[in-house]
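Quick note: numbering that gives the first Met the number 0 has the sequence shown finishing at residue 327, numbered continuously throughout.
These are calculated hints, taken from the structure and not from any lab test. Virtual Cβ for every residue (Gly too), placed ideally from N, Cα, C. Just so you know, not all the hints are guaranteed correct.
Unchecked claim - Derived DEER-like restraints, expressed as beta-carbon distance ranges: (1) Pro45 - Ser291: 22 to 32 Å; (2) Lys23 - Glu243: 42 to 52 Å; (3) Gln155 - Thr251: 20 to 30 Å; (4) Glu233 - Ala191: 14 to 24 Å; (5) Met245 - Leu185: 35 to 45 Å.
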Amino acid sequence: MQREFAVPTATIAIANVLCRIVHKRGENWQGLLQECGLEEQQLHEPDLRLPLPQLADLFAAAVAQTRDPSLGRQAGRAIQPNDLHALGVVMQFSATLEQACQTLADHFDWLIEGLILGVQRQEQTLTLRLNTHSLHLSRSPLLDFLMAALDQLLCQLCPAPLVAIEPASSNAQGTPRSARELRYPLAPLQLAMPQADAGICHHTLQLLEQFRGRRHAHALVMKVRLSMEKLLSEQALNEERLAEEMGMSIRTLQRRLRQCGTSYSRLLTQVRQSLSVSLLRDSRIPIEDLASQLGFTEAANFSRAFRRWYNTTPSAYRQQLGLQPPLR
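With the sequences and hints as input, model every part of the structure.
This is the structure in structure tokens:
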């Protein structure tokens, strides 16, 4: 890709939006980057694609640092069409926003590898649904960000007032049927966009198609982390079982992880670090059970690790978020 055509990738743009919000709150966003293995200069490298787990870690660390579980949604509501660059051009200049939604869905797995955006049209409504197979990501503030960002972009660009339709049903606890779903009346999304330009859209889509083939080498890391999460949930994670799950020998797995600049132990720490925040925030599991779920032999070991990661204890973290005490 020639440098003059380089535009920041979606993952770099999303990381920039988060850092912008954290900075506005007076928090240490440079330290946040370092904690997730990133450098400030990388936010200015347009060709760089962050692996999905690393981007999710950045959001989890930001929530832990600010003690604000709504941070992902707040950052999503602050996004602008030009934050997503090439994709924003397509959305702004499409014939209708319904067409723009379908284009977004067609490119979403390339934009953020590992997430699938489904668009379903039903009589008078259009539904956008985000899917992931990751235990950590199913609870991630990154997904909160993406859903809030999608809603923000569509409302900004829609030729007519657009209000999302609440899910039709809730469970016994009053939780919406799907936290990863947006439903809209179809009519406003079918109105002609005042700035529609087929030529601009075609050119930008060609660029996106060129970018689509540039899959990042860190796809293996994402698959390893997903397998780690699965095995942790089954309380069966060790290096031998992980290699078996990946369909390779331990030596081959070690070599391929080295080529990606990481290792089994480093990824295990990252997975535990991310899952710990998600589980503490979104469940009432007692600390002892949560430690066991994360593969720690003792709750004290988990508490020491959590303090090292986030400079607080698991119990104090829950209290600072104002969460209910765990179930007994």
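Original post:
Does the Cβ distance between Met245 and Leu185 fall inside 35 to 45 Å?
Top reply: holds (43 Å)
Original post:
Taking 22 to 32 Å as the hint, is the beta-carbon distance of Pro45 and Ser291 inside that range?
Top reply: violated (43 Å)
Original post:
Is 14 to 24 Å a correct range for the gap between the Cβ atoms of Glu233 and Ala191?
Top reply: Violated: the Cβ-Cβ distance is about 52 Å, outside 14 to 24 Å.
Subject >> Verdict for Gln155, Thr251 (Cβ pair) under range 20 to 30 Å >> reply: violated (48 Å)
Original post:
Lys23 and Glu243, beta-carbon distance inside 42 to 52 Å?
Top reply: holds (46 Å)
Going through the hint list in order, the structure does not satisfy hints 1, 3, 4.
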